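**Student:** Below are the chains, spelled out letter by letter.
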Amino acid sequence: MQRVLIIGATSAIAEATARIYAERGSRLHLVARTPARLDTIAEDLRIRGAVDVGSDSLDVNDLARHETVLEAAWTALGDVDVVLVAHGTLPDQKACEVSVETAMAEFATNATSTIALLTLLANRMDKAGRGTIAVISSVAGDRGRASNYLYGSAKAAVSTFLSGLRQRLSKRGVDVVTIKPGFVDTPMTRDFKKGALWAKPEAVAAGIVKAVDKGTPVAYLPKFWVIIMGIIRAVPEFIFKRISL
Amino acid sequence: MASTGRSWGRYPITRETVISLSDRHARLPHGAYPALPLGNARSYGDSCLNDGGILLATRGLDHFIAFDPGTGVLTCEAGVLFAEILDLVVPQGWFIPVTPGTRFVTVGGAIGNDVHGKNHHRAGTFGHHVLAFELLRTDGARMRCSPDENPDWFDATIGGLGLTGVITWATIQLRRISGPWISAESHRFSNLGEFFALSRDSDRDYEYTVSWIDCAAKGKVLGRGLFSRGNHAPARPDRRPAAPSGRLAMPVTPPISLVNPLSLRAFNHLYYHRQRKPVVHATTHYAPFFYPLDGIAQWNRMYGPRGFLQYQCVVPPEASETAMAELIRTIAEGGGGSFLAVLKQFGDRPSRGMLSFPRPGATLALDFPNSGASTFALLDRLDVIVDAAGGAVYPAKDARMSGEHFRKYFPRWEAFTRFIDPGMSSSFWRRVME
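Just so you know, the sequences run in chain order A and B.
Residues in the first sequence are numbered from 1 upward in steps of one, following our numbering.
Residues in the second sequence are numbered from 246 upward in steps of one, following our numbering.
Extracted from the complex, chain B is given alone in its bound form (with noise of 0.2 Å):
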């Protein structure tokens, strides 16, 4: 049945016909049109979009296959959510190994995209910690792909955009814990140069880092913001290990969006000063810790009917100081930018994929409210300094990046068109190769 395609972004619009696969051991159906598979849509852009083709939805892949309590190895369809292994694990004493921000991806989409989390610099990202999985294609052909198995089609579909077939099933090695509870700390820091040495003296001693940023800030201040380092906490059994329940939601998409220049410098403001004290201590549940956002059912639909545009870029060690000021300042003189600014260090472990983004260096992320040309011209600004830096932008996050960045971002892209599968092509994938 023909629909609307939306990714996260809400931008771009395009038309698909989803067909749902409820069952490993069938083949795809197959078409005249190219096909891609789909995961949970948490992508930003138009990598999980596929405009006048298939779209292989895969939500209906969601049993378990087996799960060892005594190791943490556990295999299921690649349907399944985080949210879903979550609360099966959790409770027996596991968490998975990488989680980016919302746990509302599906294991599928968390492998294509080879996501990264707050533990990159200990945890490389989620391919690292993936045993094996089946890779289903067009012409019916399987593979079991593993480090040992298929390493060269492991590679390729790790990151690999779902171009490289379907991925029907996955084991993963999950990580030990002794409860929910995260021992969290919340550092303020006044600029860039401060986010720089509060992450070096953290990386070591915090599993879990991240910053948020005041990208309204101009000046001496610029870059300020909050800096966030967690580990596991041990077991607590004075608490009950019961998630904050109840979620808000947007109920409807307002007609402009509720993101705009003087709500963004207002916010950001608050937020920066809403913690008094210099660092604040806290244990919480793991839920707010990593999925803040998640707590608001449908958040990206306060970027109005026009939808917004996430960005997010790696910068290398040796330049990261310097491009990052450069990046914030403009972001901060063009007025656009995001509640929501996230600055992260990512470690030095090589990622697996061909096409992973997660690479040495710092990365910024955030969301820009489509503004239509000038953001758009905002953000080629951009690419300009990431480019001059040596670094890359994320695909799963992009809608607009000219093919010729993409193809110097990551410059696998020629050896991996060969893993491609015939039968499958996606939004993204047409306008990088154009």
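Chain A on its own, in the form it takes in the complex (with noise of 0.2 Å):
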């Protein structure tokens, strides 16, 4: 039996993600800043089969109740097999141009809870030596883009500390997992127009559970967007900076 701590559990790829993990009869500590929709989240997938289902909410931006959340998620669950970090916002690009406060609000939201988070997971990770980091980032994170670059640049933090992290704990028997998703059909991106690169969350919770499962150091999903952000990253600066994404 797996047990799964997963903390912006609300979201629906995190949602989607829990309903395998539940299906296949884990333990589930769940973390999320709304109480009430966490209840309904757990009672679901214990009926989906999850052994037991705990809930404790947080907002992340709370740095310095961190620690007594992780506390108490590795008291409920015994020990943790699995972490994934899934929470995160979807930034008004135009509203951070213009405000200082918004702009660095979001990046604390996307960035800085999350490496603070990853920083006393991974001292406890350490010290069980075994066990799998999941962190969602994004293709986003992978170059920065006029369209999203508060984003994207949240996600680039994400995405380095992350292979620091992997690089360190690798010795210890821990897997550090990046986590890149590209357009996925989800509340956060109701207002886009869809098209045929969207993917369901279910689709990426399988590609999650299955990148845990192997321990796959940055998973792409879907795996396309492996090819679209290699040819990305590869546009000159010279011809990157007169288009528009």
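Since the hints were made in silico from the structure, they are not lab data.
Please note that a few of the clues may not be correct.
One-sided excerpt, in silico: chain B residues whose CB lies under 8 Å from chain A [unchecked claim]: (1) S267; (2) D268; (3) F309; (4) I310; (5) F312.
Values in this document were obtained by computation on a predicted structure and should not be read as measured data.
Glycine included, C-beta positions come from ideal geometry on N, C-alpha and C.
Using the hints, build the complex out of the two chains.
**Tutor:** Written out as structure tokens, the structure is:
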């Protein structure tokens, strides 16, 4: 039986992932900002087969509470095999351009809070000498683009942090998995026009569980994003700056 | 966000603003335009469309709320699919009490259309197995409805085409099974008279009965087909309950319909003669038995960009044989019709819903490629036969019946109007109220 901790558990991708673990008969501990929503999700996961589902509320920007919430999670689960860090927002890029306050708040939610959590999580997993830390970053972190570079730079920070953490923890038998989803049809992307590149949260969730099982260092989901981002990264800067993406 | 609305028949095509619901405790978004709850858009015509208005998409309401494996009582949100319920409950020895021919319908949609299945002669409609649900109105009012609480709202909402409000959750009574297997038989019959005889003989001992008929056959073999009947089979410890894997798909819409008079005649002829023996027995997984077309994703695309019209009618028992013969003759002579024409005898159990379609008699369902005016003219001729026989046409499959016919087929429509949420409407409803 796997013991799984999920932070940002009410996000569509996290919930779809939790359902797969529930069907496997895992023990789950869910952390998110809105407790009422967590109750609905926890009850559903129990019916789907989770052995036990605990939950806790946390505003990830309240860094001082991180240690308390993690300690409670470890107590509830006994030990932790998999941690999925899935919280995040999709900032309004235009709003971030006109307000330093908005830009910094969004960066805090999508990067600083994640790095703070990972610092504590890394030490716990390091001590245990086993397990997997999976974090939802984004293809947006692979290269800054005019349409959402605040979000992109936050995800780049997370991806780079994870790359270093993976080197450190690989010697300790802990897998660090960077998840890079492309466009996913979730409430976060409600206002976007959907095309052929869009994936369902269920498909991304299946990819996450597979990447965690195999300890894949970096998982682009769906896989074709490896190629797309490879091309986008290869475009020389003097051309890239002229195109709009 | 405005988007193009398409029902399963891909006709008509409409424009709506789609708003996704994901929290059953939240109020409904309200706007200046009428709204309509949308399940998984498996209705064929315009009853799940709301041209120029809002669609409240309920697929995000997909949580299980309670399940007792001891009693088979399941409570879940209204956007949960039958497929998801089956995945959960079949391994625990339960089955959905009444299921239509696709498992990709939501619980809310199944209630709103009071769906029926191959066991209507035993089990009635889906509404007979609903123990309770919550109705959420656009003014924020919430009502718990059951046969004992707000029973008039319960009866208006079952088969109420989504017009009474949004169903947020429902409790249903499942049916005990000992495994995923169905013990099935297929009998060849060479005309309509043989069908009715087989049906009479089978209803007592077989929980599930349905027939495929060759809608292209005329003359002496008018109404020939294959009669399928089955029961849940006892446990088979020697076989693992694995569903047939792999799904075919129609990846694109072909520029023209692949269903035409030539392909239709050929298919029906071959399908009828494929079964060499008069009777074939088999033990099969429930999926191919109940959901043969679910094996081909987006099969509705084969009718091409103009889509198709499904027609399902029921004619009362006393008129069944003659009216059915006249309907099939009219279809065969028209050269239209489909690969999958389905004939079944309904039982006598009265449906609860004020606008429920199932009623005693024989029901015929088939699709017609949309060939424009000639298709509509043919369906109008069928309406005349159904009307004269005292029958009815199924709103969930309809995109074109006249308001006059609708009001005749569903005489309680006027009493129903008092339960309609003032913030709700649909393309279908506006059409039949004209």
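**Student:** Now, for every hint given, state plainly whether the structure supports it.
**Tutor:** Verification of the supplied hints:
| no. | hint | result |
| --- | --- | --- |
| 1 | S267 | holds (6 Å) |
| 2 | D268 | holds (7 Å) |
| 3 | F309 | holds (4 Å) |
| 4 | I310 | holds (6 Å) |
| 5 | F312 | holds (5 Å) |
Checked against the numbered hints listed earlier, the structure breaks none of them; every hint is satisfied.
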